[in-house]
Amino acid sequence: MKEIISPVSRYAIISELKAEAFLNHTSKGSNHLYLVDHRNAPNIVREIGRLREEAFRTAGGGTGKELDLDQYDLSENHPYQQLVVWDPEDQEILAGYRLQRCIDGERDEDGRLKSPTSKLFELSDKMVEEFLPVTIELGRSFVQPKYQRTAARKGLFALDNLWEGLASVMIQSPELEYMFGKVTMYPHYEREARNIILAFMRYFFPDPDQLVRPRTPLVTEEELSPYFNLFNGLAYKQAHKVLSQEVKKRGETIPPLINSYMSLSTTMRSFGTSENPFFGSVEETGILIRFEDIDPARKERYIKNYQEHSSEYEGPLYIPSTGSNAEKA
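Sequential numbering of the sequence shown, starting at 1387, is according to the numbering used here.
Hints are computed from structural coordinates only; laboratory data are not their basis.
A few of these clues could be false.
[Claimed, not checked] In silico DSS-like cross-links for lysine-lysine, where the CA-CA straight-line distance does not exceed 25 Å: (1) LYS1451 to LYS1500; (2) LYS1505 to LYS1451; (3) LYS1388 to LYS1451; (4) LYS1414 to LYS1690; (5) LYS1414 to LYS1532; (6) LYS1690 to LYS1404; (7) LYS1623 to LYS1634; (8) LYS1685 to LYS1414; (9) LYS1404 to LYS1388; (10) LYS1623 to LYS1635.
Hey, can you work out the whole structure from these sequences and the hints?
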């Protein structure tokens, strides 16, 4: 395992936070949202690679390399965009997500989408023909570790800030309808607690049309079916309480991103779980969310905030002078 690179110059990062990359102010946490790629913000993307590797390695995954950037981040013709949550007070990247419109993605010789998710999951013809043209693919969400370790409001709102950034992208492109990606669990997570969570997702967020399936399923339907009895006859909120209790009995908590996804939309689809040998053997569950169906109160807040503040680019709080200590930070 290699040593992670040193932080990128703060001056270099701030100099790339330009008006054309600005998305919005967050409605919680007083942060700023930007959308960049490696061609217009190479220093920001390099810092994202550093922070991602740090965050995922801390949690038990990661690439083991100096930073987490791959061919999808660095493609010359089809680079994934990077959603950045910028903390203007501390002047650093708080969290991030990468994304790409599936219709813009690179294709193989058969015309099939080449993407991180399609490496692990097989997409049906219906998914490819009807859903992908109006879908963005998401991946590599992270919150900087130091914000995870604190109860400060910046850390508490990090996931909501990411959702607000994704909502801004969807609002800008009304032809987009779906968000497609993966949620991650780690090999050290207690096995039965994991299976109970996966059973809950399968029970409440099924894929009736068989749109997507793991190429190599990590857990079979037969292995999950005994846990369905925990939730039979229960409404979602009551079943979620049971889920939390059962996971807690086994010394675990529901991973925050999974909890966040499940609270976002009642019509979310889950697609089973596959081990990712390319990323520390983490366990990834495919999901699909329709933007129109996300929690109405949250969606209304995101839309209202976008309409009121998306044009209010203020630039960075300050730009350190060349040669100052801040430049080296």
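**Request:** Please flag the earlier hints that this structure goes against, numbers listed from lowest up.
**Result:** Of the numbered hints given earlier, the structure breaks just one, which is hint 9.
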